[in-house]
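Here's the letter readout for the chains.
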Amino acid sequence: MMASVEFIVRIGLWFLLPPLLPGIVNRVKAWVAGRRGPPVLQLYYDLARLWRKGVVLSDLASPGFIAGPAVAWVAVAGAALLLPLGPLGSLLSFRGDVILLVYLLALARFCTAWAAMETGSSFEGMGAAREVSYAVLAEASVITAVLALSVQSGSVSLARMMEPAVGSGGVLLAAGLFTVLLAENCRVPFDDPATHLELTMIHEVMVLDHSGPPLAVILHGASMKLLLYALLLVQAVVPLGGLSFPAAVAVLAGGVLAVTVGVGLVESLLARFAFRRVPLLLTTAFLLCLFALLVAWNGGAA
Amino acid sequence: MTPTGPLLVIALGSALGAAAFLRFPRAWLALVLVGTAAGLGACAFVLWGGPAWDWPGGFEVAGQPVHLRLDGLSALFLALVCVVGGAGAVYSMGYWTDAAHPRSASRGRLWWSEILLAMGFILVATNGLHFLIAWEGFVLGSFFLITLDQSRREARQAGWLYLAASHVGTLCLFGLFGVLAARLGTWELGPVRGHPELAPLFWLALIGFGIKAGAFPLHIWLPSAHGSAPSHASALLSGVVIKMGIYGLIRFGGWLPVPAAAGWVITALGLVSAVLGVAFALGQHDLKRLLAYHSVENIGIILIGFGFALVAASRGHAAWGLLAMAGALLHVWNHGLFKALLFLGAGSVLHATGCRRMSGLGGLWRRMPWTAALFALGAAAISGLPPLNGFVSEWLVYLGLFDAVHARGASSLLAVVSAILLGVTGALALACFTKASAVVFLGAARSEAARRAHESGWAMLGPMVALAALCAAIGLFPVLAWPAVARAAADWTGAGPAAAAPAELRTLGLCSLVVAILGAAAAALLWRRTAAGSLRRASTWCCGYAEPTARMQYTAGSFAGIITGWFEGVLLTHRTQVPAGQGPGRAPIVDEGVPSSLDDHTPEAVLERVVGPAARVVMRVALGARSLQHGRLPAYLLYVLAGLAGLAAIIFLACILT
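Just so you know, the protein sequences line up as chains L and V, in that order. The first sequence finishes on residue 321 if you use the working numbering, and the numbering steps up by one all the way, no holes. The second sequence finishes on residue 1486 if you use the working numbering, and the numbering steps up by one all the way, no holes.
The hints are simulated quantities; they were obtained by calculation from the structure and are not laboratory data. Heads up, a few of these hints could be off.
[As the list claims (entries may be wrong)] Pair ranges (Cβ atoms, derived):
hint : chain 1 : residue 1 : chain 2 : residue 2 : range
1    : V       : A1366     : L       : A213      : 23 to 29 Å
2    : L       : G53       : V       : I1345     : 46 to 52 Å
3    : V       : L1241     : L       : G31       : 42 to 48 Å
4    : L       : A213      : V       : R1279     : 47 to 53 Å
5    : V       : I1345     : L       : A272      : 30 to 36 Å
6    : L       : S263      : V       : I1345     : 57 to 63 Å
7    : V       : G1372     : L       : L262      : 53 to 59 Å
8    : L       : V268      : V       : L1241     : 50 to 56 Å
9    : V       : E1276     : L       : L289      : 55 to 61 Å
10   : V       : A1366     : L       : S263      : 52 to 58 Å
11   : L       : L60       : V       : G1372     : 53 to 59 Å
12   : L       : W70       : V       : H1402     : 48 to 54 Å
13   : L       : A213      : V       : L1241     : 52 to 58 Å
14   : V       : G1372     : L       : E25       : 35 to 41 Å
[Claimed, not checked] Chain V is nowhere near these chain L residues, computed Cβ spacing over 12 Å in every case:
hint : residue
15   : Q61
16   : F113
17   : A132
Treat the numbers as computed from the prediction; the structure is a model and nothing was measured. The C-beta atom is built at its ideal place from N, Cα and C for all residues, glycine as well.
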């Protein structure tokens, strides 16, 4: 009984909370720029509106154009449910669940890129090619970060990996994971979610031809992925184990808020990089994670 | 009395019988199916709990007593031979018909049955001489399958290259078995761990079997052979034939005393194969060559797992070795299944359009929905995505690697590198298969042939559905496949009973099942929601451009451009551009009569840059030596005299020195 209630609460949290994050990011950007900006809940309104709207479908699109976003959403949701939520722990924890999480995100990427290629548009081809190419470097960073956490905790399951306090390597890991977060969620300096110049985008250009409910699903999935990465980053760096329940929840929420505000600040203060510099930045993220791994390695041996 | 023996007799009988019915395709097919089903039954019995089958024949062939044995390891590979052999035989009924290929269809059936038999004998042989005989038969069989269509020059060249490369490997195997027989005084094979002086023989086995397996850089024959063979033969080559090399490596890695560095070298070979295999695949624009390079990648993944099993064995059989080995063995099955599926899918495309160049295809899903869906499933499986089978084996390898990291010591550094590169390989494979399936099946048709494509018949779709179902089954119910893999791993080391399935494998299967069901449900739900609202069809948005054409789509080359740019130094891609001289600061000279084009080609770098030049040096030396032979008798007499004098000098010196 308790388990099913907990399950429903979790699903509800993952369903309702994520669209808040892009709203906060936009608020921060507006605040830095001295504008009033859209309401924090804007994405909720957008999603509700899109869900009721009709769809314009390309002549060339197969059923995969609709199935792709749906499966991608399920994959991200599945990855999200594997993630432990601080004091709540994880719904399902087993050895190697972290690898399943990483590969579920890869499944989401495959489905999104597939749906993008459905229309035969060269813009969307461009976006899909960039998405899957830069993901190679991001994947290396993520696996390295996972290795660092795994070495530090001596475990391969997410719940245990998040437990021990990270030492000095935590700063490196945070910087590396934050960069990966920006890249994987298509934020500045990798991508500009606010731009409308198709030639320069990654994620936004992949969904150009989507409309109505499928677009709503894509947008919700993207916000869920942002929350997932933010939670992963916070829990990887901040040890929540010793805190009481309310304190841990507060720290977790505060951490996610800080990450979100950080994304907004980066977006306000940095310009998007030229594409040829993107691999360089991702390689830097990989190196940061690698140094975090080396620090964890040394800490364990001492 | 176990059913294994009778089943194997039925398998042998029907395979031999099939050879008598080459002119009657249906009878041949029925016999092949009976044979493969019987063989599969025998393997299943051994793998899921039955005892190993051992038959001391009691008579001699080629001067050696016949002794056959089917243990878990052999059965694992034989099961794959039976599944892909049966599926390919059905497929050939629709793909390589007597009507379309009157000269080669029955020849194809002959070599198909021959190669299945030869592989069966390799797997059950316990006598070195018989192993070699079966091996040679198997090499010849695959040569004749590759060159089935003799009218094509490219197929003849690929066959020649295959034959040459294979015989280099066979030469190493002759050396290996010859030395073994000379040292041990018998051709009988078995564990010889007690002879540490035999350890260097492992390197001979590595080269001999490594060439067959297609590990980088020994893979030079593989892309052209897999690309040029008829597609059902490509499926067999890639799914099963190269696995014989893996079988040999694993088998002799278990029997021979292995050098200390063996695990490291094999893991390193695996890492190089995995990353460079997929990098070369990204550079290919020919669908079948692309798939061929993915064989190199997957062999790499198998070798990583096997390499770590060897490292673990050298460290007192650490528990993580079993996980890595189980992952490698399961990947043998998985790669056999999804790669056969993908090659059969590529065969359907080739059959329907006559075009292997991806940039001449596109939009095929409308005409070939089944092929498109099945190819997509294979693509997701080979990219290692849950909930399909490729993920399960990679997950097992990952677990082994992570445990090896925790075990500390020198091998854990290797494990760190391997885990990172395995992740990179997975992401690269995903990029490559997004490219391949999207360019071929999605978007708009780029040529008239693609517009007029037709779906294949059920003789071709049926085997693909069966292979796809197996891929899904292993992905969704990995626990069911575990006993077979654990049995094979236990028989490899000879260490006791098969290990029980790890509990987390059960949980993983459950997660995969949930993801699959929810994914299907979500897709159906979203489709209903979309259809319920106002649904309007319109042309793809093209930035307001009035007349979009299919040529404006992203092509295979442009899709892979970013990643192939990173590997520029290895791939050695060369570009041809018409009109020439375009680039920053150099305006193209436009000739109205010549349509402009940009094309790139990624050659087989090892073949063209290493093997080719080396072969030319050998050729030059050989040509120089030929001038010694000119037909003048006095000069020949002089050679004889000089030779005799030389011999006399050696004997004389030897007498003085002793």
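Hints, verified against the model:
1. V:A1366 - L:A213: 23 to 29 Å: 26 Å, holds
2. L:G53 - V:I1345: 46 to 52 Å: For G53 (chain L) and I1345 (chain V) the Cβ distance comes to about 50 Å; the hint holds.
3. V:L1241 - L:G31: 42 to 48 Å: Holds, at about 44 Å.
4. L:A213 - V:R1279: 47 to 53 Å: 40 Å, violated
5. V:I1345 - L:A272: 30 to 36 Å: 32 Å, holds
6. L:S263 - V:I1345: 57 to 63 Å: Since S263 (chain L) and I1345 (chain V) have Cβ atoms about 38 Å apart, the given range 57 to 63 Å is violated.
7. V:G1372 - L:L262: 53 to 59 Å: Since G1372 (chain V) and L262 (chain L) have Cβ atoms about 56 Å apart, the given range 53 to 59 Å holds.
8. L:V268 - V:L1241: 50 to 56 Å: 39 Å, violated
9. V:E1276 - L:L289: 55 to 61 Å: The hint (55 to 61 Å, Cβ to Cβ) is violated, given that E1276 (chain V) and L289 (chain L) are roughly 49 Å apart.
10. V:A1366 - L:S263: 52 to 58 Å: With Cβ atoms ~57 Å apart, the hint holds.
11. L:L60 - V:G1372: 53 to 59 Å: Hint violated: Cβ distance 33 Å, outside 53 to 59 Å.
12. L:W70 - V:H1402: 48 to 54 Å: Holds, at about 51 Å.
13. L:A213 - V:L1241: 52 to 58 Å: 44 Å, violated
14. V:G1372 - L:E25: 35 to 41 Å: 51 Å, violated
15. Q61: With a cut-off of 12 Å, Q61 (chain L) remains clear of chain V, as the shortest Cβ separation is near 22 Å.
16. F113: 4 Å, violated
17. A132: 5 Å, violated
This entry does not satisfy hints 4, 6, 8, 9, 11, 13, 14, 16, 17, going by the numbered hints stated previously.
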